Amino acid sequence: MSTTVQAGPRTLPPLGPTRKLKVPKQAERTLANGLTVIVVRRPAVPLVELRLWMPFGKANLARGAVLAQSLLSGTPTMSAVQIAAELQKVGGGLSAGLDPDRLMLSGAGLVTGLDRMLEILAEVLTGATYPEQEVSTERDRLVDRIQVAQSQPAHLARTALLKRIYGRHPYAVQTPEPDQVRAVRAPALRKLHAERVHPTDAVLVLVGDVQPERALDAAEAALAGWTGPGHATELPPAPPLESGPLLLVDRPGSVQSSLRMALPAVPRTHPDHAALQLANLVFGGYFSSRWVENIREDKGYTYGPHSSVEHSVAGSVLVAAAEVATEVTGPALLETTYELGRLASLPPKPDELEQARQYALGTLQLGMSTQAGLASLTSAYAGNGLRLDFLAEHAARLAKATVDDVAEAGARYLAPAKAVTVVLGDAERIGGPLAALTPVDRVAAGS
Amino acid sequence: MAARRTRIPATKYPVERFTLDNGLRVVLTPDRSAPVIGVAVVYDVGIRSEPEGRTGFAHLFEHLMFQGSENLEKLAHFRHVQGAGGTFNGSTHLDYTDYFETLPSNALERALFLEADRMRGPKLTEENLRNQVDVVKEEIRVNVLNRPYGGFPWLKLPPVMFDTFPNAHDGYGSFDDLESATVSDAADFFRRYYACGNAVLAVSGDVDVAEATTLIERHFGDVPARPAPARPDFTEPDLTGERRTSYTDPLAPLPAVAGAWRVPDPVTDFAGYLPYVVLAEVLTDGDASRLVERLVQRDRTVTGLGGYLGFMGDPFDVRDPTALLLQAHLPPGGDVDKVLRTMDEELDRLATDGLTEGELARTQARMATHLLRDTDAVLGRALRMAVLEQQRGEPGLLNDLPRLVGEVTDEQVRAAAATLRPERRASVEVVPGGAR
Chain U
1 MSTTVQAGPR TLPPLGPTRK LKVPKQAERT LANGLTVIVV RRPAVPLVEL RLWMPFGKAN
61 LARGAVLAQS LLSGTPTMSA VQIAAELQKV GGGLSAGLDP DRLMLSGAGL VTGLDRMLEI
121 LAEVLTGATY PEQEVSTERD RLVDRIQVAQ SQPAHLARTA LLKRIYGRHP YAVQTPEPDQ
181 VRAVRAPALR KLHAERVHPT DAVLVLVGDV QPERALDAAE AALAGWTGPG HATELPPAPP
241 LESGPLLLVD RPGSVQSSLR MALPAVPRTH PDHAALQLAN LVFGGYFSSR WVENIREDKG
301 YTYGPHSSVE HSVAGSVLVA AAEVATEVTG PALLETTYEL GRLASLPPKP DELEQARQYA
361 LGTLQLGMST QAGLASLTSA YAGNGLRLDF LAEHAARLAK ATVDDVAEAG ARYLAPAKAV
421 TVVLGDAERI GGPLAALTPV DRVAAGS
Chain D
1 MAARRTRIPA TKYPVERFTL DNGLRVVLTP DRSAPVIGVA VVYDVGIRSE PEGRTGFAHL
61 FEHLMFQGSE NLEKLAHFRH VQGAGGTFNG STHLDYTDYF ETLPSNALER ALFLEADRMR
121 GPKLTEENLR NQVDVVKEEI RVNVLNRPYG GFPWLKLPPV MFDTFPNAHD GYGSFDDLES
181 ATVSDAADFF RRYYACGNAV LAVSGDVDVA EATTLIERHF GDVPARPAPA RPDFTEPDLT
241 GERRTSYTDP LAPLPAVAGA WRVPDPVTDF AGYLPYVVLA EVLTDGDASR LVERLVQRDR
301 TVTGLGGYLG FMGDPFDVRD PTALLLQAHL PPGGDVDKVL RTMDEELDRL ATDGLTEGEL
361 ARTQARMATH LLRDTDAVLG RALRMAVLEQ QRGEPGLLND LPRLVGEVTD EQVRAAAATL
421 RPERRASVEV VPGGAR
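Top to bottom, those sequences are chains U and D. Counting with the UniProt record's numbering, you get residues 1 to 447 for the letters of the first sequence. Counting with the UniProt record's numbering, you get residues 1 to 436 for the letters of the second sequence.
For the record, the hints were derived by calculation from the structure and aren't laboratory data. Just so we're clear, the structure is a prediction, and the values are computed from it rather than from any experiment. You may find that some hints are simply not true.
[Claimed, not checked] Label-pair ranges, simulated between beta-carbon atoms:
1. P227/D - A411/U: 56 to 62 Å
2. A154/U - T164/D: 34 to 40 Å
3. R190/U - K12/D: 44 to 50 Å
4. A172/U - E73/D: 54 to 60 Å
5. E428/U - V431/D: 22 to 28 Å
6. R190/U - D208/D: 54 to 60 Å
7. R130/D - A232/U: 55 to 61 Å
8. A435/U - V431/D: 33 to 39 Å
9. L12/U - K12/D: 53 to 59 Å
[To be verified] Over the 12 Å line for every Cβ pair with chain U, so calculated as not near, a few chain D residues:
10. P14
11. V36
12. E281
Positions of the beta carbon are idealized from the N, C-alpha and C atoms, including for glycine.
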């Protein structure tokens with residue numbers, strides 16, 4: 001092999017031709033019981049990914065949390081250990097999780113075990129028994145976990161921010177208090193399950209080394225017997241953000257401050273969404289953003305600042321988050337406000353936009369390139385009434401957003417005057433520097 | 001053996017290996033099923049190799065590799081990767097440091113250019129060094145100092161289990177040591193360890209082997225040849241008596257404990273090592289595992305449990321000496337001694353009575369799923385194959401792992417369990433100092 005010797009500076013090689021986004025085909029069937037099943041074939045590894053999205057808005061928070069925790073704790077024919085062992089036999093596993101929009105069962109297993117996984121899933125959905133003993137174990141574990149979460153700054157900052165953003169909306173509190181969890185009993189879980197764990201408006205996503213029609217048949221065969229009336233649970237729309245004084249949450253002795261800023265955002269289907277996503281990237285949505293280059297790479301205030309648009313069924317919000325050293329909390333807020341203000345006041349440079357656009361388009365490709373990524377994306381889309389073909393539409397919008405579009409989105413959504421700001425940290429040390437920049441309200445952590 | 005045993009499937013990722021004239025080893029694993037690639041460069045230097053008085057230096061140096069290089073200004077690397085639609089990172093391990101990106105496949109040549117440029121030489125400046133010392137300090141605050149259970153157990157157990165500096169010291173580093181680091185330390189570290197003879201390049205995904213080979217030659221072919229330094233001997237004798245320590249975590253609300261036992265050399269005695277990898281899963285993977293069933297479900301003395309190989313959870317990318325770890329989080333007022341005693345009892349029972357019908361087979365089936373899932377992302381494949389090449393000269397082992405795990409026998413797992421005696425154990429207890 002020959003060796004090329006280059007003299008002088010070397011130049012960055014150009015990119016090859018862009019390959020067009022190829023959205024994978026999906027097969028879909030709505031069963032008689034109201035369950036929608038979506039199957040995507042991606043045979044990369046001999047596995048199947050499973051996501052079951054069940055609408056769960058407005059459910060009692062503590063009961064919902066314990067239900068998710070003990071859903072897999074027993075059926076008429078199987079104990080918790082047997083459920084786990086039977087799933088393991090086919091290389092499978094399931095876990096349940098809850099957020100204010102949905103209850104989600106997710107897992108993965110060897111594709112040869114798909115039928116068995118669906119059978120076990122059906123048995124859990126139709127016959128979870130919530131045995132007293134297991135429920136009390138899971139309840140205690142959950143209490144402990146919440147207690148540990150409450151000692152984590154990121155959790156405390158998030159909790160304060162949600163409360164501040166959402167006020168009386170159900171999104172305002174997403175973690176139950178230990179005492180509320182302790183009060184939950186098995187009969188309440190059985191009742192909640194009977195009321196809410198239903199196929200109507202639920203979406204099952206299967207992605208992997210499957211034959212789509214066969215997988216649809218298998219899902220139908222296993223889950224046809226899961227029935228129950230739908231439970232209309234429209235969440236009210238999330239309230240608009242109301243900016244106001246910075247909320248300073250005191251955490252004495254904290255060696256860092258957790259800075260959180262919420263800004264308005266729009267859902268995925270909104271005409272402004274692509275431009276907003278690009279504006280967010282230019283601001284702080286990826287490493288090569290103004291905010292990261294400023295407060296990390298230039299000033300060394302922080303390790304991993306990040307901003308992203310979070311989509312929920314009842315509304316979307318942009319959240320910027322950084323953990324900054326206590327002694328530079330004021331300066332970090334100043335730079336953050338500056339970068340937001342800059343994007344709200346001046347158009348981005350064309351090359352900045354181009355770089356953000358390429359990143360947005362490229363990471364769409366990366367996100368679709370694994371079974372797990374594809375399954376989670378398909379499920380998140382379906383939970384919000386979208387299908388994978390929306391990806392192509394979104395990519396087209398990203399491709400054609402102009403500097404003006406992004407500047408307009410910057411002005412409309414990223415203006416620091418619209419921000420809801422929460423800082424968790426050692427109030428005694430950071431209260432003064434923050435108050436020099438903006439009006440401050442002060443509370444104790446966990447209040 | 002149970003009649004209905006699940007067949008363990010395998011992947012057949014192709015593997016091409018070659019070495020450039022300058023000593024750089026290359027692994028290619030094409031897969032054209034999606035238009036994306038993974039590029040990984042792995043250097044054979046990690047936490048164990050950093051000099052005394054310079055704890056945390058391997059990791060700090062990893063940061064410096066992103067601060068510009070021969071033909072690239074500061075920030076250029078990030079912008080070129082992300083501006084091509086990709087993502088990047090690097091990470092520092094006990095025995096290696098990796099640098100990687102995953103991108104749409106039209107950016108292959110760009111990624112190779114970027115990696116070759118910093119292999120020829122990063123821009124080491126005082127300003128960048130001070131900036132990254134600050135950034136690393138914030139990283140340590142986020143991950144260790146400002147949160148409960150920070151560094152537990154990966155930074156807390158090695159000093160209990162090991163006596164020599166390379167194995168025992170804090171790999172994140174003390175602030176004093178980080179602040180004492182100089183540009184000349186960095187230049188020395190680069191010269192010594194970041195030789196192309198000490199590196200492996202792996203490229204996975206949507207590439208043509210011939211074309212990728214030409215591009216690799218073009219960009220890496222003239223990186224000056226420098227040989228790999230001799231790897232020091234990091235071996236330490238096994239424990240001859242139990243070691244136990246505890247510390248108060250002022251932020252932790254609840255007690256926790258982790259125990260570790262030395263295991264056979266993962267590289268030179270892979271067959272002897274694998275049963276421990278399986279054992280960790282038999283003990284802790286899911287509700288049907290031994291210790292979860294006993295400690296979490298039955299006794300309710302533990303609320304969360306983990307078991308794994310390697311202090312950084314790295315069963316197949318670490319060299320000797322390493323360990324099997326068990327860690328448990330306890331309820332309020334939980335009794336750590338009792339938990340350790342029950343673990344001993346369960347290990348004894350496993351060693352004496354063996355596994356139950358189907359217990360091993362189902363654990364192996366689940367392990368196959370985990371292993372296959374990990375390799376599904378092109379980047380995961382590039383990273384793993386790069387390290388397997390570096391430490392074993394055997395990147396294709398990735399394809400064989402599910403099968404090899406599946407071939408471990410009841411008897412081997414039993415024998416492995418029998419070695420996890422309290423007198424060979426190092427353990428560390430977290431005493432909660434948190435309010436509430």
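> Cβ-Cβ distance between L12/U and K12/D: within 53 to 59 Å?
Replying inline: violated (35 Å)
>> Over 12 Å from every CB of chain U: does V36/D meet that, or does the non-interface label fail?
In response: Answer for V36/D: violated, closest chain U Cβ roughly 5 Å.
> In this structure, is the beta-carbon distance linking A172/U and E73/D contained in 54 to 60 Å?
Replying inline: violated (46 Å)
> In terms of Cβ atoms, is chain U entirely out of 12 Å range of E281/D?
Replying inline: At roughly 10 Å from the nearest Cβ of chain U, E281/D sits no farther out than 12 Å, so the non-interface label is violated.
> Taking 12 Å as the cut and beta carbons as the points, is P14/D off the interface with chain U?
Replying inline: holds (14 Å)
> Between P227/D and A411/U, does the beta-carbon spacing fit 56 to 62 Å?
Replying inline: 58 Å Cβ-Cβ, so the 56 to 62 Å window holds.
> Lying within 33 to 39 Å: is that true of the beta-carbon distance A435/U to V431/D?
Replying inline: holds (38 Å)
> Regarding A154/U and T164/D, is the given constraint of 34 to 40 Å on their beta-carbon distance met?
Replying inline: Since A154/U and T164/D have Cβ atoms about 36 Å apart, the given range 34 to 40 Å holds.
>> Can you tell me whether the CB distance of E428/U to V431/D sits inside 22 to 28 Å?
In response: holds (27 Å)
> Taking 54 to 60 Å as the hint, is the beta-carbon distance of R190/U and D208/D inside that range?
Replying inline: holds (59 Å)
>> Assuming the hint says 44 to 50 Å, is it satisfied by the Cβ distance from R190/U to K12/D or not?
In response: Cβ of R190/U to Cβ of K12/D: about 48 Å, so the range 44 to 50 Å holds.
>> I want to verify a distance hint. Is the separation of the beta carbons of R130/D and A232/U within 55 to 61 Å?
In response: Given range 55 to 61 Å: holds, Cβ gap about 59 Å.
Against the hints set out earlier in the document, violations occur for numbers 4, 9, 11, 12.
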